Structure formats: C-alpha cells, structure tokens
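Chemist: Please take these sequences and the hints and turn them into a complete structure.
Protein chains in written order, with my numbering: chain V, 507 to 640; chain X, 507 to 640; chain A, 507 to 640; chain B, 507 to 640; chain S, 507 to 640; chain E, 507 to 640.
No false leads were slipped in.
Identical copies look the same in the list; a pair holds intra-copy or inter-copy alike.
Here are the computed lysine to any residue pairs in the SDA-like style, where the Cα-Cα straight-line distance is at most 20 Å:
hint : residue 1 : residue 2
1    : 562       : 530
2    : 603       : 537
3    : 562       : 531
4    : 562       : 538
5    : 603       : 640
6    : 603       : 570
7    : 560       : 523
8    : 562       : 611
9    : 603       : 535
10   : 603       : 572
11   : 560       : 608
12   : 560       : 611
13   : 603       : 635
14   : 562       : 608
15   : 560       : 609
16   : 562       : 552
17   : 562       : 551
18   : 603       : 569
19   : 562       : 529
20   : 562       : 536
21   : 562       : 533
22   : 603       : 508
Treat the hints as calculated values from the structure; they're not laboratory data.
Because the structure is a prediction, the values reported are computed rather than measured.
Number of protein chains: 6
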Amino acid sequence: MGTVRLWTDEEAASDARVAAVFADIRVMRGSDFINNFWRALANQPAALERTWAKLKVVMMEPGELDPLTKELIYIAVSTVNGCGYCVHSHSAAARAKGMTEGQHGELLGVIGMAMETNALATALQIAVDGAFLV
Amino acid sequence: MGTVRLWTDEEAASDARVAAVFADIRVMRGSDFINNFWRALANQPAALERTWAKLKVVMMEPGELDPLTKELIYIAVSTVNGCGYCVHSHSAAARAKGMTEGQHGELLGVIGMAMETNALATALQIAVDGAFLV
Amino acid sequence: MGTVRLWTDEEAASDARVAAVFADIRVMRGSDFINNFWRALANQPAALERTWAKLKVVMMEPGELDPLTKELIYIAVSTVNGCGYCVHSHSAAARAKGMTEGQHGELLGVIGMAMETNALATALQIAVDGAFLV
Amino acid sequence: MGTVRLWTDEEAASDARVAAVFADIRVMRGSDFINNFWRALANQPAALERTWAKLKVVMMEPGELDPLTKELIYIAVSTVNGCGYCVHSHSAAARAKGMTEGQHGELLGVIGMAMETNALATALQIAVDGAFLV
Amino acid sequence: MGTVRLWTDEEAASDARVAAVFADIRVMRGSDFINNFWRALANQPAALERTWAKLKVVMMEPGELDPLTKELIYIAVSTVNGCGYCVHSHSAAARAKGMTEGQHGELLGVIGMAMETNALATALQIAVDGAFLV
Amino acid sequence: MGTVRLWTDEEAASDARVAAVFADIRVMRGSDFINNFWRALANQPAALERTWAKLKVVMMEPGELDPLTKELIYIAVSTVNGCGYCVHSHSAAARAKGMTEGQHGELLGVIGMAMETNALATALQIAVDGAFLV
Numbered sequence: 507m508g509t510v511r512l513w514t515d516e517e518a519a520s521d522a523r524v525a526a527v528f529a530d531i532r533v534m535r536g537s538d539f540i541n542n543f544w545r546a547l548a549n550q551p552a553a554l555e556r557t558w559a560k561l562k563v564v565m566m567e568p569g570e571l572d573p574l575t576k577e578l579i580y581i582a583v584s585t586v587n588g589c590g591y592c593v594h595s596h597s598a599a600a601r602a603k604g605m606t607e608g609q610h611g612e613l614l615g616v617i618g619m620a621m622e623t624n625a626l627a628t629a630l631q632i633a634v635d636g637a638f639l640v
Numbered sequence: 507m508g509t510v511r512l513w514t515d516e517e518a519a520s521d522a523r524v525a526a527v528f529a530d531i532r533v534m535r536g537s538d539f540i541n542n543f544w545r546a547l548a549n550q551p552a553a554l555e556r557t558w559a560k561l562k563v564v565m566m567e568p569g570e571l572d573p574l575t576k577e578l579i580y581i582a583v584s585t586v587n588g589c590g591y592c593v594h595s596h597s598a599a600a601r602a603k604g605m606t607e608g609q610h611g612e613l614l615g616v617i618g619m620a621m622e623t624n625a626l627a628t629a630l631q632i633a634v635d636g637a638f639l640v
Numbered sequence: 507m508g509t510v511r512l513w514t515d516e517e518a519a520s521d522a523r524v525a526a527v528f529a530d531i532r533v534m535r536g537s538d539f540i541n542n543f544w545r546a547l548a549n550q551p552a553a554l555e556r557t558w559a560k561l562k563v564v565m566m567e568p569g570e571l572d573p574l575t576k577e578l579i580y581i582a583v584s585t586v587n588g589c590g591y592c593v594h595s596h597s598a599a600a601r602a603k604g605m606t607e608g609q610h611g612e613l614l615g616v617i618g619m620a621m622e623t624n625a626l627a628t629a630l631q632i633a634v635d636g637a638f639l640v
Numbered sequence: 507m508g509t510v511r512l513w514t515d516e517e518a519a520s521d522a523r524v525a526a527v528f529a530d531i532r533v534m535r536g537s538d539f540i541n542n543f544w545r546a547l548a549n550q551p552a553a554l555e556r557t558w559a560k561l562k563v564v565m566m567e568p569g570e571l572d573p574l575t576k577e578l579i580y581i582a583v584s585t586v587n588g589c590g591y592c593v594h595s596h597s598a599a600a601r602a603k604g605m606t607e608g609q610h611g612e613l614l615g616v617i618g619m620a621m622e623t624n625a626l627a628t629a630l631q632i633a634v635d636g637a638f639l640v
Numbered sequence: 507m508g509t510v511r512l513w514t515d516e517e518a519a520s521d522a523r524v525a526a527v528f529a530d531i532r533v534m535r536g537s538d539f540i541n542n543f544w545r546a547l548a549n550q551p552a553a554l555e556r557t558w559a560k561l562k563v564v565m566m567e568p569g570e571l572d573p574l575t576k577e578l579i580y581i582a583v584s585t586v587n588g589c590g591y592c593v594h595s596h597s598a599a600a601r602a603k604g605m606t607e608g609q610h611g612e613l614l615g616v617i618g619m620a621m622e623t624n625a626l627a628t629a630l631q632i633a634v635d636g637a638f639l640v
Numbered sequence: 507m508g509t510v511r512l513w514t515d516e517e518a519a520s521d522a523r524v525a526a527v528f529a530d531i532r533v534m535r536g537s538d539f540i541n542n543f544w545r546a547l548a549n550q551p552a553a554l555e556r557t558w559a560k561l562k563v564v565m566m567e568p569g570e571l572d573p574l575t576k577e578l579i580y581i582a583v584s585t586v587n588g589c590g591y592c593v594h595s596h597s598a599a600a601r602a603k604g605m606t607e608g609q610h611g612e613l614l615g616v617i618g619m620a621m622e623t624n625a626l627a628t629a630l631q632i633a634v635d636g637a638f639l640v
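Modeler: In structure tokens:
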C-alpha cells in the first residue's frame, strides 16, 4: 500500500529540511527509530516541518493533561476516523507511556458507549437542554 | 427538531420501567434534572433501561481511568461523530467534574492534531510499521 | 440556515426542468407536498433531475427489498453520517410506510450495536478471518 | 495487523469468564467456529461478556425486525464507518441468513443513494421541513 | 479481502451488460486496463451500468471545473471517508492528469487544515454568523 | 448553541494575544468582520494564534493551487465531516472568491459521486490494484 514513497535514511540525509526533522525526532524521542508516518510525509518537506513542530507543541509540551491521557484521546479520535495506521501507532505510544490492560479496556468501553449514544442522539435528533448552554 | 416526543415527568410516571430509570438517574446523579437524552429514549423503554445500565457500568464504576478523563474521551468521540447534542452534554459534564479552561484547550489541541494526522496517514495510505504490531 | 435559496412553486414554474421534476414528484408521491431537499436542489437543475431519476430507480422500483426496509437502511446511513435533515425526512418516510414503535426501537438497537462493535474492531485492528473471504 | 493478541482456544480455556462466553457463542450459533472479533475482545473479559450479552439481546431475540434485515442494517452502518472487519463478517452473516445477490445489490444501491443525498443535504444546509417534526 | 468475486475478462464477456460497460470503459479511457472497482461491481450489473453512466457525466463531461480539480476533490472526500481503495485509485488518476508534488502537498495541507477546524467548530458548537446565510 | 462564550471586540481588546490575532485577521482580509469561529477560539489564545498562523500559510500563501480550488476542497471535507458551521463559512468564502453556480453544482456532483463510490468500494472491500501502488 501507499500513495507515496517512504524515504530511507539515505534519502533523508540528502534533503536538509528532512534531515533536520528526522534528527530532531530522534533527539526528542531518545530513539533511532523513525516510523513510516514521517518517512511518508518527507515527500512534502514543508508539511513535515509544520506537522512535527505542531506535534511537539500539542503532545510534548508540559501542560494540564498528562502525556498518557493525550494518547488515549488520540486513540479515540483515530478509532472514530477509522485510521488503522494511527490506531496502531498511538496504541503502541500509549503502552510505551504506561497504559495498562485495565486502562485500555476502559478506554474501549468509553469509546463504544459514546459511539452508541452519539448514534441514538443523532437518530432521535434531540434538542439541546438549556442547562447545557454556556 | 426531534424524531420522537420528549417524555414529561408525568408521562414517565405512568410507565413503570421509565419511572424506575428516571428515579435511578436522580439518585445516582444527586439531582432532580433529567436531560432530554433520557426523555427521548423513554419512547423505547427497553433501550432506555439497557443504555442507562451500561452507562452506570462504563462511566460511573470506579476503575483505572478517572471520571474526568472518561468525559474528555467522550467529548473527543462525539466531536468526530459530529453529535452536537453529545458535545454539549459531555462538555457540561466535564466542566461539572472539574475540567479547567487549560484542559479544555489541550483537549481541543489533541483532537485537532489527531484529525489532521489521521487524514495525512489515510491520504498517504501508510503501511503499519512492524514495530507497532503486537 | 442554508447555503442556497429554497425555490418556491412560482420560481419552479419558471424553469422547465425544475417544473417537470416537481410535477413528477407530486405524481409519484400522490401528494402536493414538495420538501425542502428538492427546493434546495432546484438551484442545480441537472443535479435535481439526476438525483430524482436515481431515487425513483433505487427507492421506488419493485425489487427484493421492501420499501420500509429501504427506509430503515436509509435512516441508518443518515445517522452515521450525522445528517439531521435526512434523519428527519427518512424517519417520517419510514413512519408513513408503516414503521412501528417496536421496529424503530430495534433499528436504534442495531445501529447502536453496530456503532459500538465497529469501534471495537477498529480499535483492536482485528485481522479478517479466512472464513469470511469470498 | 492487530493492537492486541488473538486468544487461542487453549488460552480461552484458562480463563473462566472467557471460556464461558466462548462456550455460549458455540451453543447459540450451533458451530465450533469462534471468529477473531471475540478472540481479540477476550483480552478484556468484562467487555467480552458485556458485548456478547448485548449482541444476544439486540441481534438474536425475536422481535419485529427479522434477522436478515438486522444484518443489512449492520452492513450499512459498518460501511459508513469504514470498518473492513465488520463489513466482511456481517456480509458473511447476511449470506448465511439468506441474503440473495439481488438483495445485496439493492442494499448497495440504497447505501450509495443515502451517502450521496446525505452529502447534498449537508452541503446545502437545508432547513428541516415543519412536516417532518414530531 | 473482498466480499464479492472480481470478474475476469472471460466472465465479463459472458454477460452482455457487463461486457458493454467494460468495452465503454476501455474506449473512454483509451486503455485496456479495467481496475478492480468495476470488476467487483460487475456482480451487480444494474449498479455497474448506473455508476459508470453517472461517472461519465460527473467526471468526464466538460464543465466549469477542470478534470484535475475534480480528482483533488475526490481524493479529499475519499480521505475523510477513510476509503483506502478510493484514495489509491484517485491519487493515481490525479497524477495521470498532471498533479504535481507541490499540488499534492497543498491538497494535503488543505485537507488537514479543514479536518482540524471542522473539529474545533464542532467541539465549540459555534453558531453560524448571519453574514454567511443566503 | 455553543460550549464556549463568543468574545466581543471589547473583550478581545483586553487580551494582548487575542487583540493581535483579531487585528491581523482584519488586515489580511481587508475587512472589519470577525466571524464567530475566531470569537469562540479566543477562549484559548494559544490555539487561536496557532490556528490563525497555520491558516495563513495553508490557505493564503501563493502556491500551486489557486485560492478558489482550496475553498472547494475545504467545502468537500467539511461536508463529509458534517460541520454545518464550516460548510456555511467556506461556501461564503468560495462565493467571495468567485465560485459560480455552475462550479457549485459540479462540486456537489463530485462530492456525491465520491460519497457513493467510497461506500461501494468499502462495502465490497475491493483489493487495491497493483497498478495504483507507488
């Protein structure tokens, strides 16, 4: 599968912008592994730079949500969007950040519950309660 | 809007199954307020009982994810599904459970990031890295 | 709301293609009522003709699925797509074709069940069993 | 692919809850075959029990919709959600329950028609006709 | 994968309707290649005829949008729907019609931007400005 | 509707970051009008800055796709996601950039065609042709 080529490390080294992003990914993650998402995005250096820069802000900067909670939310969104690649990569990331089997099970429970009640609310076209308005 | 009637308290009182669920909602939530989701679902007493029973298990039983984290995941799923009612009700629920403005902002950031990278991974049809497989 | 104007009967009468479709809708449905979907689509006469012609084939020609079953499937698709207009119009159509409260309840049950198990299968990225392949 | 392990029969036998669900699936379906959905869900015994119990109620209890109609609705939802596993498993289930080629073709026709008109209604942001409100 | 059989040229030759569509595809595209979409749809000759006829009108008739722009829109829709097959086939079609790497990158940028702001607007449930209404 | 407050110009003036973004929007667009999307996002100044900065790059920088084509793609994505606000705002933007009725009609045609064939390809689970792989 694939609509673009996956860049090898050799190809990445030949493009200064791609090389810089790949180097930064390795430093930030403390690992030599560059997953296929970045190797595919390398075909578009501007998008690669923009996406990685944003990921660092959104997912890595210290804030009020801990890193694992962010991964759980990421899995939820990726599941509803049906993105198999993203479900795989962020489930692995969540486990690396300590997701337990119990947490995974509860995450699946909440996603499933929301999927079902979303459909019920949509099928019934329920008017929003005044109490919920800001 | 609405494809079904919203049950009043008087109507609910006339159906033993609906009355019992409404009473349990009030006890479990410690509030007299019954939001429109349940008033719409009352048209289908079996679905009302089943959905409320499951919500108690999935969202209210103590577990490894705290109640606020569950609400954040619920908002994420509801957003991707485009369920306006659910976004309203679970944003209100999250605030009632202590969601701060900062947490709301980070939630929006993660949802937006995931939406974008989901689309990139799908548009590029990226093969899953062997390292992500269980 | 609306990104286009809804055509009145007077305006429709002034465009031969729109007038012909509106007249055919009235004959086929045995009713003078033209709902807003067609009044909006009238802004694009070619799309109006094409869509109405296809609707007659897909939804009205006798076949192996009865008209009510087709409406239930239509509601299911419209619910997952979050199309409020379509949920309203096809729920009304299903009721006009005899949908009972019990059938509506079971339809909601199946949609909800499918939504939940779709998400579970996607979140778990389950490989297709060989037995399911044609 | 897969974000969790698929349980073998041997592993299932070692967990009382999983063993009980697998045994009940075999009895209810009159077949020794356990498809991968349940083998994946076995990693979360509580979700396995809950999902199977609900499936028996929603899909197997006698009601006002026949079993084949329920499968057609299931296929429709799974298609819109883009769940490849679910489309495979429920297309096989529908065939096992007697779905003909003609019915399959009409199902595809209705799904396609709904997909298209859902998009048109959303792109035009059409206001709901008063006649459709309950 | 597959829930239906892919028709070979030999099988297609044995069904007059399928043979006619396959022949027309080859003439219209100036190529002997028939991709799997049509070989799968051949199981439903009426759907095959209807879909091909519509594709010729929508995608091939001269109009106000050029063929490449139509393919970019097709890729965008297919990406949001998570249709891997469609993303592959229409990315190939866009390249055959001259899509450059730069255009592909900008397409990805717009899709990603829209995905993110769609989610923000939905999560915030923003009321439509009066200025946007027709 | 709304899960957050819409900021007035007075409130915006009291926050340096929000004030700066609002001022830049007015300069870049050559108009005093600030639509509700930005007034809602103002509750999260960091997200406001980040989103506006990215919109300027993706939608306003000169490139290989013209501004109107980008709006058509934006409408397509927003339609599939069912974002009513976004469909309204970007349909208005497309008209402001010169979208004709004919182009709007063709856009709707392509979106509808893609929606339908996406569903067919997913329901049939068609294997990707080798010819489409990069």
